[in-house]
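Here the protein sequences line up with chains A and B, keeping their order. The number in the numbering used here is simply the position in the first sequence, starting from 1, with 26 added. The number in the numbering used here is simply the position in the second sequence, starting from 1, with 4 added.
If you are wondering where the hints come from, they were derived from the structure by calculation, not from laboratory data. Just so you know, not all the hints are guaranteed correct.
Calculated lysine-lysine pairs in the BS3-like style (CA-CA distance at most 27 Å, straight line) [stated by the list, open to error]:
hint	chain 1	residue 1	chain 2	residue 2
1	A	Lys123	A	Lys33
2	A	Lys115	A	Lys154
3	A	Lys115	A	Lys176
4	A	Lys154	B	Lys21
5	A	Lys33	A	Lys229
6	A	Lys230	A	Lys33
7	B	Lys190	A	Lys123
8	A	Lys123	A	Lys154
9	A	Lys115	B	Lys190
10	A	Lys229	A	Lys123
11	A	Lys332	A	Lys353
12	B	Lys21	A	Lys176
Which stretches of chain B does chain A cover? Using the computed rule of at least three CB atoms under 8 Å from a CB of chain A, they are [claimed, not checked]:
hint	region
13	209-217
14	235-242
Selected chain B positions facing chain A (Cβ under 10 Å, derived; list incomplete) [unchecked claim]:
hint	residue
15	Arg24
16	Gly124
17	Ala200
18	Gly204
In this text, a Cβ means the ideal position worked out from N, Cα and C, and glycines have one as well.
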Amino acid sequence: MHNTSVKSPLLRVRHLSTEFVMPVDQRVARALEDVSFDVYPGQTIGLVGESGCGKTTTLMSVMRLLPANARLSGQVFFKDTDLLTLNEKSMRSYRWKELAIVFQGAMNALNPVMRVGEQIREAITLHKLMDREQAETRVGELLEMVGIPKERGAQYPFQYSGGMRQRAMIAMALACSPSLLFADEPTTALDVMVQAQVLELLKKIQQDFGLAIVIVTHDLGVVAELCDTVVVMYGGKVAEYGPVDMIYNAPQHPYTQRLLESFPDLARSDPSEALASIPGTPPRLTELPPGCRFEPRCYVRLEKCKFEAPPLLEVNDNHFAACHLCKGAEARF
Amino acid sequence: MQESWLLFKRNLADFWKTFRHNRMGLMGAFLVLTAILLAIFAPLVTTTSPNEIIRDANGRGLTFAPPFVHGPLGTDDAGHDVWAQLAFGARISLTVGFLAGFIAMFVGSLLGILAGYFGGWLDNLIMRITDVLLVIPDLPLMLVLVAAIRQLNLQISPLTVLILVIGLLYWTSTARLVRSQVLTIKERQFVARARAIGAGHIHIIRNHILPQIMPLIVANTVLILSTAILIESGLAFLGLGDPTQPSWGTMLNFAFDRNAISNNAWWFYLPPGLAIVWVSLGCVLLGNVLEEMLNPRLTGHHLEGEARVVKITGEEAAHAQHLG
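Given these sequences and hints, build the entire structure.
Now the structure itself:
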């Protein structure tokens, strides 16, 4: 972790809750509840967890790109501005200029009938950062930076391979030199070689530009390689949050422990041994258990886990876990 | 600007390359173009004005003269040249049809985009209005409206009334079609990305949604044109045209009123009828073909088609063999 005491956080997410009102039966799906974490300049932070645990929703809530039936509460401070209090118009000026996002599945995030270069330029000219000609040059530079010959900017997305499209998306994300980059499963649906290229690229970008990256993934290998802080989410809440080595070497939350066990380790003594798995499925967001959300699947549950949701405790310096079994002072978010 | 012009030219050339091989499309284009040319060059292809009374050697009006007695298409009950009426009538029919069609297309696309993109109460409002208009039979409604507006004596020319009534009532199918397309496109991820880069609604609609639905709108416009021409003919036949500027529908109305049928004057009522069929058939053929060509979903996969096999020169073949 970077020296957190000196720098002030770039993004402070505080008690962020997101609910969706189902249009059919007006039921409420609580996609996020009381999510808090910090992102410091130049830091890489990983959001991990099973599908549907709220990783992508967290990013979309911060960018305020959710559908109309979403209800947000809490605070999201970018530098000193609470993004949730801004009107749509001022929010627009933050998007891409300060917060950029690489979407899950770059193939669909590019407009199929627009040239790739044009789509990258769109982001620049939209914010009136430079005139058309300068923007043209900038697009060339950006493409070259992610290893795409700049002439290919004149091509359409279908003429690109999957990896190229993902890299083009990364180039687009850097177009307005944001200070914070969200990467939503940047390596999903890519083969291993291309995954490695994309990760290498993200690493390089981080070193060259010193921007903060929030990466959403369920690949714990990616997290170990790139991140210095990890937020483990379960059922829309933060289960554990802390420096990557602490999370990997001394996981406190039973969910984190199980999650790490279920990930293949090449150095296992007996490779034929079956991988551990967590029995059961994540809770439905419309029928959340009243106590700890992991309780129905937990192997060390206590009686009170059924009724009382555990608070986020600081078990160690900057290492937080939400479990009744953990000891520590209540987190001061 | 230069670049986009070149691009446009190339797209057009590509389009023509495919279009050239489509017989149905060529047929439709031929039918529509001949009608347009007839309308434009009406004074050049006729020898008399449509209001001029043709007289025989004794100076009497030549009424109900069959084609072999006068001109290419004979004369009507008042001795007017039918061919001249047909050629000048094309101007009125096509003008009303095209203007009304374009108004309908414009209103329909605009409302469809607004309803589809913004959703919510706006969508509800627009779609309920559409439903109401769809439920009421077109022709009687337009009949009543045109007649009522005439009664008001607003000093608007009868043709303008016709154009506006057809144009402002006939947008419903376009609006529905466009709305449904916009609904699917706005959920695509590149629209979410456009929002993420900080684009506003107008930017998204103009740069991301409109280009995707443009083919649909173009094809639909051609189809709407044929309907607009048919409706104009219908209204004119029922006597709501402008008698001083007769269209094909008005000609039919005259022929019917003045007993052309009982006088066996087929040259008076057949030509305008066939002309209407000519143009609307042309529009339908052209519209269907355009829809087929411009809608990417109706054409094959982009990998389909002839693969180009590169010819291998002798030297390369030898090299390949050497490697093998």
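Would you list, in rising numerical order, the hints stated earlier that this structure does not obey? Numbers 3, 4, 12, 14 and 15 - these are the hints that the structure violates, sorted from lowest upward.
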